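K.L.:
Residue numbers (this note's numbering), protein chains in the order written: chain S, 1 to 312; chain B, 313 to 590.
Just so you know, these hints were derived from the structure itself, not from any lab.
The structure presented is a predicted model; accordingly, all values stated were derived computationally and were not measured.
Among the clues, some could well be false.
[Claimed, not checked] One-sided excerpt, in silico: chain B residues whose CB lies under 8 Å from chain S:
hint	residue
1	T332
2	F333
3	Y339
4	F403
5	P433
6	G443
7	P506
8	L521
[Stated by the list, open to error] Label-pair ranges, simulated between beta-carbon atoms:
hint	chain 1	residue 1	chain 2	residue 2	range
9	B	A513	S	A39	22 to 28 Å
10	B	Y424	S	A39	16 to 22 Å
11	S	L62	B	V384	24 to 30 Å
12	S	G64	B	Y424	35 to 41 Å
13	B	N452	S	D81	33 to 39 Å
14	S	P258	B	N452	42 to 48 Å
15	B	L578	S	P36	27 to 33 Å
16	S	I287	B	V455	28 to 34 Å
17	B	V402	S	F68	38 to 44 Å
Ideal placement from N, C-alpha and C gives every residue a C-beta, glycine not left out.
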Amino acid sequence: MAQETSTQARAERYLEDRTLRDRIEENWVGYVFIVPVFAMFTLLFYYPIVRGIRMTFTEYSLGGVNPFVGLDNYAWLLTNDLFFYSLGWTLIFVFSTTVLQLLVGLMVALLLNELAGRRRQWMSAVVMSPYFAASIAGGVLWYWFLHPNFGFITRIFVELNMPPIYFLNEGLWPFVSLILAQTWHDYAYAAIIYTAALASIPRAQYEAAAIEGANRIRRFRDITVPHLLIPTIIILAIRTAYNISEFAQPFQMTGGGPGTKTMLLSILTYQVAFVNLQFSRAYVIGIAMMLISMTAAVIYVVSIRQEEELYI
Amino acid sequence: MINETRRNRYLVYLGLAVVTFVALLPYYWVVRTSMISNTAAAGLYSPWVPFQDGAFTLDAYSSMWSNYNFPVYFRNSIIVSLSSTLLALVFAIPGAYAFARLDFPGRQLLFYTTVFTLMFPWIVITVPVYGIFYDLGLLNSLVGVIIALAIFIQPVCIWLLQGFFRQGIPKNIEEAALIDGTSELGAFFRVVLPLSMPAVAATALFAFLGAWNNFTWVFILTSDQQYRTATVAIYYVLASDVLREWNILMAAVVLLVLPPVIFYGLSNRYVGEGLGGV
Numbered sequence: 001m002a003q004e005t006s007t008q009a010r011a012e013r014y015l016e017d018r019t020l021r022d023r024i025e026e027n028w029v030g031y032v033f034i035v036p037v038f039a040m041f042t043l044l045f046y047y048p049i050v051r052g053i054r055m056t057f058t059e060y061s062l063g064g065v066n067p068f069v070g071l072d073n074y075a076w077l078l079t080n081d082l083f084f085y086s087l088g089w090t091l092i093f094v095f096s097t098t099v100l101q102l103l104v105g106l107m108v109a110l111l112l113n114e115l116a117g118r119r120r121q122w123m124s125a126v127v128m129s130p131y132f133a134a135s136i137a138g139g140v141l142w143y144w145f146l147h148p149n150f151g152f153i154t155r156i157f158v159e160l161n162m163p164p165i166y167f168l169n170e171g172l173w174p175f176v177s178l179i180l181a182q183t184w185h186d187y188a189y190a191a192i193i194y195t196a197a198l199a200s201i202p203r204a205q206y207e208a209a210a211i212e213g214a215n216r217i218r219r220f221r222d223i224t225v226p227h228l229l230i231p232t233i234i235i236l237a238i239r240t241a242y243n244i245s246e247f248a249q250p251f252q253m254t255g256g257g258p259g260t261k262t263m264l265l266s267i268l269t270y271q272v273a274f275v276n277l278q279f280s281r282a283y284v285i286g287i288a289m290m291l292i293s294m295t296a297a298v299i300y301v302v303s304i305r306q307e308e309e310l311y312i
Numbered sequence: 313m314i315n316e317t318r319r320n321r322y323l324v325y326l327g328l329a330v331v332t333f334v335a336l337l338p339y340y341w342v343v344r345t346s347m348i349s350n351t352a353a354a355g356l357y358s359p360w361v362p363f364q365d366g367a368f369t370l371d372a373y374s375s376m377w378s379n380y381n382f383p384v385y386f387r388n389s390i391i392v393s394l395s396s397t398l399l400a401l402v403f404a405i406p407g408a409y410a411f412a413r414l415d416f417p418g419r420q421l422l423f424y425t426t427v428f429t430l431m432f433p434w435i436v437i438t439v440p441v442y443g444i445f446y447d448l449g450l451l452n453s454l455v456g457v458i459i460a461l462a463i464f465i466q467p468v469c470i471w472l473l474q475g476f477f478r479q480g481i482p483k484n485i486e487e488a489a490l491i492d493g494t495s496e497l498g499a500f501f502r503v504v505l506p507l508s509m510p511a512v513a514a515t516a517l518f519a520f521l522g523a524w525n526n527f528t529w530v531f532i533l534t535s536d537q538q539y540r541t542a543t544v545a546i547y548y549v550l551a552s553d554v555l556r557e558w559n560i561l562m563a564a565v566v567l568l569v570l571p572p573v574i575f576y577g578l579s580n581r582y583v584g585e586g587l588g589g590v
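Please build the complete structure, drawing on both the sequences and the hints.
P.N.:
Quick look at the structure:
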């Protein structure tokens with residue numbers, strides 16, 4: 001034991017003694033492998049981000065001169081009612097879809113966990129299918145399903161002699177429809193992660209608890225729940241980020257309308273940039289979106305760090 | 313499981329039945345519409361099932377190819393998805409390997425920036441990229457779309473592959489090769505890569521689906537019909553004000569959705585759980 005500790009200490013001292021240059025020379029293969037990825041990210045990720053930030057201080061137009069306007073674009077954002085309306089609705093949308101996706105996903109995973117073998121594979125292929133459909137297809141699907149003249153629900157109402165509901169226009173319905181459709185499309189993400197987490201819980205723990213006389217609910221609380229903690233944080237972080245950036249499905253369903261009633265930040269960014277051609281202003285809205293998803297990303301990185309350290 | 317009762321079993325099946333119903337019902341309405349005529353689909357008393365009242369017809373599927381440009385759109389989808397998948401993999405395989413196995417200064421920083429790209433709101437970055445592509449003359453071309461999509465799917469590729477390299481390949485296999493006198497590069501190409509083919513294939517599948525399903529990039533970077541992919545074409549069919557042929561539109565949606573769903577159904581045994589973390 002003592003010897004082991006001293007060997008470890010010596011190894012640590014050896015690591016500290018190496019200079020940065022030594023480490024670079026030892027690991028040149030690593031750099032060869034990483035440079036192409038990094039080059040690609042630089043071209044289409046890091047550089048655009050920086051270029052975008054520079055753009056916000058100018059009045060940008062394609063191929064033209066871009067006069068410096070200082071903080072005008074930021075001032076525009078902070079005095080823009082639509083932006084704040086849209087920010088509020090985006091936060092509601094993201095919060096409710098993320099929570100619903102998490103709950104439905106957990107329920108699906110718990111149900112699938114009761115099946116075994118081929119039956120389980122087939123079942124999960126069916127139940128997860130919405131997630132693998134293109135989100136634009138999800139948009140068309142729901143647009144058609146809720147269509148006030150020819151949709152499925154209207155068809156039921158016709159049978160019952162009831163007037164149709166304009167799900168994508170009337171009152172609070174557009175908000176509800178967008179949230180439920182988004183939940184439908186992406187709950188499988190949570191389900192996939194939870195299924196994997198449930199499968200990795202050692203059965204022996206349940207058996208031991210059962211012998212001790214713990215009932216189903218206690219076993220769930222004392223064994224299952226602790227194992228699901230990290231997956232839950234991961235799902236919350238990733239889904240928050242993805243639900244903020246979601247564009248295609250809500251864009252297809254309402255396009256932010258009627259009017260600007262269901263304007264999400266992603267749709268607003270698109271409209272300001274590519275319909276109004278105010279690229280600088282659009283990017284300022286984008287910065288607000290980035291800040292929200294970056295918060296989610298930081299939570300994610302902190303929570304996976306535990307696992308990551310196991311491998312280093 | 314333990315203490316299993318018959319009542320619990322029934323509850324599980326009931327729950328699964330409800331979930332399946334909710335998952336498939338919107339699909340059902342689309343599939344049904346694609347199998348009847350447009351007048352039947354747009355009627356007040358449109359049939360509940362395609363076979364009712366002799367409404368069944370597969371005309372939508374045949375006229376989709378002859379009356380619209382869908383052959384071009386789906387061909388573009390295939391070209392764009394295949395090329396961007398290849399491009400992304402060429403970059404992601406060595407990158408993921410470096411993240412998983414090699415240690416070098418700056419590795420962690422790079423790794424976390426990769427995680428960040430996974431979670432980035434991509435619609436934001438389309439704004440400056442549009443300007444860059446304008447300067448480079450890449451707007452409105454398949455090449456531009458391919459490059460953009462390759463970057464878009466690359467984080468997922470790196471993420472899936474590094475997980476596999478980390479857990480799927482025993483470290484001593486490489487060490488054995490290194491002791492035999494093979495260089496690190498040689499060990500990678502001759503030992504690690506051949507062993508990783510199943511994981512690379514699974515990653516390629518997800519990358520392909522990511523590109524196939526993508527709407528935003530193609531929608532923003534192209535304006536000519538000839539460069540549209542299926543996703544964007546479907547959007548424009550629905551957005552146009554001319555008399556809508558619902559059954560044809562829905563047939564296109566069915567063909568768009570079918571490949572990913574079938575791929576996943578066939579492969580979920582192998583890759584479903586590898587998705588953890590994407």
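K.L.:
Decide, hint by hint, whether the structure agrees.
P.N.:
Here is how each hint holds up against the structure:
no. : hint                           : verdict
1   : T332                           : holds, 6 Å
2   : F333                           : violated, 10 Å
3   : Y339                           : holds, 7 Å
4   : F403                           : holds, 5 Å
5   : P433                           : holds, 4 Å
6   : G443                           : holds, 6 Å
7   : P506                           : violated, 17 Å
8   : L521                           : holds, 7 Å
9   : A513/B with A39/S: 22 to 28 Å  : holds, 25 Å
10  : Y424/B with A39/S: 16 to 22 Å  : holds, 18 Å
11  : L62/S with V384/B: 24 to 30 Å  : holds, 27 Å
12  : G64/S with Y424/B: 35 to 41 Å  : holds, 37 Å
13  : N452/B with D81/S: 33 to 39 Å  : holds, 35 Å
14  : P258/S with N452/B: 42 to 48 Å : violated, 31 Å
15  : L578/B with P36/S: 27 to 33 Å  : holds, 31 Å
16  : I287/S with V455/B: 28 to 34 Å : holds, 29 Å
17  : V402/B with F68/S: 38 to 44 Å  : holds, 40 Å
Hints 2, 7 and 14, counting from the list given before, are not met by this structure.
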